[in-house]
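Trainee: Chain by chain, the residues:
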Amino acid sequence: MKGIKDEVAIVGMGCTQFGEHYNKGSSDLVYEAALEACRDAGIELKDIQAGWVGTAFSGEVGTCLSVPLRLQYIPVTRVENRCATGGDTIRNAAFGVASGAYDIVLALGYEKQKDTGFSGTSMGGPELHPVFGHRTALATFALRATNYFSKWGLTPEEGKAMMAKIVVKNHRQGALAPKAHMRKEVTIEQVLNSPIVCWPLGLLDCCPVTDGAAAAILVKADIAKDFRKDYMLIKAAALVSGPGDEYGRDDYDLSHFEEAKRAAQLAYQEAGIKDPLEEVDLAECHDCFSITEAIMYEDLGFCPRGQAKRYVDEGIFEMDGKLPVSVDGGLLAFGHPIGATSIREAYEAYQQFQGKAGKRQLNDPRIAVCETFGGAYGAWSASVNIYGKAP
Amino acid sequence: MTGIVSCSAYIPYYRLNYEEFARAWNKKLPKGERAVANYDEDCITMAVEAAMGSLNGVKRESINGVYSASTTAPYKEKQSAALIGEALDLGCGISSMDFANSLRSGTNALLAAVNAIQARPDERILVTAADCRLAMPQSSLEYTFGDGAAALILGSSDLVAEVEYTYSTSDEMLDWWRTDTDLFVNTWEDRFVLQQGYMSIVPKAVSEFIQKFGVTLGDFNRVAYYAPDPRSHASLARVLKLSMEDQVQPCLIGKIGNTGCSNALAHLIAALEEANDGDRLLFISYGDGCDVLSLRVTAKVANLKHPNHRTIKSSVERSKKLSSYEKYLAYRNLLSVDISRRASYPSSASVVRRERDQIIRYHGFKCRNCGTIQLPRPDNIRVCVACQSEDQMEHIRLSEMTGKITSFAQDFVFATIDPPAVQVVVNFEGGGRVLGYLTDVDFEKLGVGAPVRMTFRKISDSAGFHNYYWKAKLI
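Protein sequence lines, in the order shown, are assigned to chains Z and R.
Numbering follows our numbering, with no gaps: position 110 of the first sequence is 110.
Every position in the second sequence, counted from 1, becomes a number in our numbering once 1000 is added.
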C-alpha cells in the first residue's frame, strides 16, 4: 500500500464559532465554514470541482452540502463514520485529488445537535433493534474508566484525579481559543466535585454537545504554492473500521481501543514516523471524555501501556511539555459537533504551522497528529491523519 | 402415578415495608413487608425465573407442555405460555396453554396438567403461576398484595411427591374481582367477603374431600393453603381444627404478600421444601370454588434440599428494602415519572422474530473451527470473530451461564424510571463475554469481579409490544 504522503495539500480552511447555536441551522453552519475556507484559499465556490461532506446525523445525501452552497451540479459524497467522520471526509477528498480526478475540492464537516430538546447526546442508532437500539456514549466510556482503574491498580480517587488533570489542561487551552465552545478555566476541585453523570465520570469529564462546522480546500501538493506559501501537507490519512473483537472476544482488553492503535500505526507508517513522542510536535485526539484522552496517549504510542497517569503527572502533554495534546482545548473544551471535529483538529494544526495560533502558538511545530474515533461499544472506526508544515 | 418432578418459587428482590404505606397514608399498620416486582419484571419474566429454578436437573427435551397461569398477564391477546417456553429454550413441539382470570388459575393449570399426565404418562408438563396484581392506592389490599411466581413440573417418574387424590368445587362468589376495564382489584365488604366466601366455601370443600376419599385431617403432616391475609389464614386453621404448630404451613403473606394465583402454590412449594420422605400433604386453593389435592412425599424430595436448588426460602430471604412508596408507584406505572426526552427505543416485530433465538432464548454462537463463544452482535454471526471462518457457527444456550463482572458503569443520564442504569461487561465461565444491564442492583456488592447470573426481564414497550431480553443479576 503506497499511501498518499505529501501528495495532497490543504490551502484554505474555515471554522465556525463552536457552541450552542440556537439561532443557526445546518445551512448557516455549512455556509459560514465553506465561505471562510474559500476566502482563505483565495477561490470562489464555483471553483470547487467536487465536495465531501461529513455529518453523523445532521444531513443526508450530498445535497446537504450542494444545496446550502448552490454548488452547480458537481459530485458531492456524504461521508459518515460517527466521530471519525471529519477525518474520513478529508481522507476521501484527498483521494479525489491524489487520483488526479479533481484539482480543487472541498472537505467540510458539520453537526447541528442543539435542536433535540435535551442535554447530552441521544441514545441509540438507526437500527430497529429491541435491545441494541438503546445505549449511551456515557456508559460506553465510563466502563472503560472503571476497567482502566481496575487493571492498572488505580483507586477511583487516583483515577478521577488523573482524569481531572486532563480536564483542567484542556479547559485552560480552550480558554485561549476564541472559537472554542467552552472558554473558561476550571480547577481540579471543580472537576472532582462536578455531579456524577455516569460513574466514574462527572459532568466536567464529558465534552459538551456542540453545533459547528469546519472546512478545508484540498489541491494536489505540486500546485499548492500557487495558492499560498504556508499550505499544509497531508502526510498520512489512515482509517480503521474494527471487526468487532471488542464485542465478540472475551479476552479483549477494555483499557484500550484497538482501532485507534492500529489506525495510528498505519498513519505513522505512511508518514514515516518511527518515534511519535520525539517526532510529533502536537497532537489532537478524541477526548470525548477525559478518560478517552488518557487511553489515547497509550493507543497513539505517546506513552507505554498503563503509564498515562505518570505522564500526566509529569506534564508531558501540557502546552509547555514534550508533546502538547489538545492544544486548542480538544473536544472537552472546543466542543464536539461530531462531523466537524476531525476537521477542527486539522484547523488547529493549520493555524499552528502558519504561526497564527495566537496565545496557543507552539514553537516551530512541523508535524501534527489528529485522531478521532467513533462507533459504539464493540467496534469503532478510527481516523488518524498526520499533517505537516509546508517545506 | 402422577406427581411433581420438581418445583421452585420466585419472589422478586424488593420489599416495601408496611411503614412506608403508613407514612404515605398516615395510617397505623401492623408489622410486615410485601414483595414488589422490579420495573423490568412482569408475570412472564417472573414465571420464567421460577421455571428456570424448577428446571434444575430436568432435561428440557423431556418437557412436553407449558401451562401458564396469571390474572395479570401482560397480554390480553397473545399467549404467555409460548413466550415462557421460548425464553426457557424449550422445543416448539410442545403444548402451550394459558390459564387466566382466577386466583385458582394456578391450581387449575396444575390439575389440568395432572389429568394430561394421567392420559399420557410419558409426558411432562411445566406449570407456571405468576401474578402482579394492583390494589387501589390507600386501600388495605395495597400492602397485603405481593408479586411472585411459582413453577412445578408434573410427570409420572422421578417424583418428589405423588398426587393421591384431587377434588374441585365450583362456587361462584363476588369477593375479589377485576372487570375487563378495571386496573385495580375490587372487593366487597370485608365481613361479607370472608364470612360468606373464604371461611364458608373452603371448609365445605375440605369436608367434601374428606368424605369422598375417607381420610381425616389428622392423616396429614402438612396442610398448605391459600389465604387472602394472615388473619384469615389463622382463622381457617382454627375452623378446620388444624395444629398451627405442627400441621399448618406458615403463612408467608406478612413477608411477601398475597401473590395472587401463585400464592397457594408458593405455600405448597414451601411445604415440599421442608417435607420428608413419607409425609402426606394436603393442599387447598381458592377462588370461585376450591381445588384440593393430597400428595405423598417421596425420598426424592431431598433434591429440593440440594444447595444449588433455588428455594422459596432463599427467595424470601434474599431481599432489599425498596426505598419508598413512590418508587413502588413508579415501578407499577401508577405514577407518571419524567424520564427525559432522551428516550429512543426502537423495535421491530420482524427483528424480534428473526432473532428470537438470540433475543428470547439467549443463544450465543460457538465456532466449530476454533471453539470461540461469541455473543450475537449485530445480529446473526456468519464470520467468526477469532478465526474469521465463514458459516461455522453453532448455537449455544447462554441463559444458564454464570460469570463475573469485567467492568461496569452507573449511568444517571440513561432514560429509565430508576436511575442509575448499570451497564456491565460480563465474562462467562467457560468463555464468552456479554455487554448488558445489571438489574436488582446491590450497590454495595457491585464491583469488578462480582459474580453474576442471567435473568429474563422486560426492556421496553417500544413499537407497541413488550420487548424482553436478558439482564445480569448479582449472585
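It should be emphasised that the hints constitute simulated quantities derived from the structure, not laboratory data.
Please read these numbers as outputs of a predicted model, since none were measured by experiment.
One thing to keep in mind: the hints can contain errors.
Said to hold, decoys possible - Pairwise CB distance ranges (calculated):
1. R:N1380 to Z:E314: 45 to 51 Å
2. R:Y1075 to Z:R70: 29 to 35 Å
3. Z:G272 to R:K1404: 52 to 58 Å
4. R:N1333 to Z:Y22: 41 to 47 Å
5. Z:R305 to R:F1412: 26 to 32 Å
6. R:S1235 to Z:G117: 56 to 62 Å
7. R:N1380 to Z:D230: 48 to 54 Å
8. Z:E189 to R:F1412: 16 to 22 Å
9. Z:D115 to R:R1060: 47 to 53 Å
10. Z:D115 to R:G1057: 41 to 47 Å
11. R:K1404 to Z:D230: 41 to 47 Å
12. R:K1404 to Z:R305: 20 to 26 Å
13. Z:G117 to R:S1095: 48 to 54 Å
Cβ atoms here follow ideal geometry from the backbone N, Cα and C, with glycine treated the same way.
Trainee: Can you list which hints this structure breaks, lowest number first?
Mentor: 2, 3, 4, 10, 11
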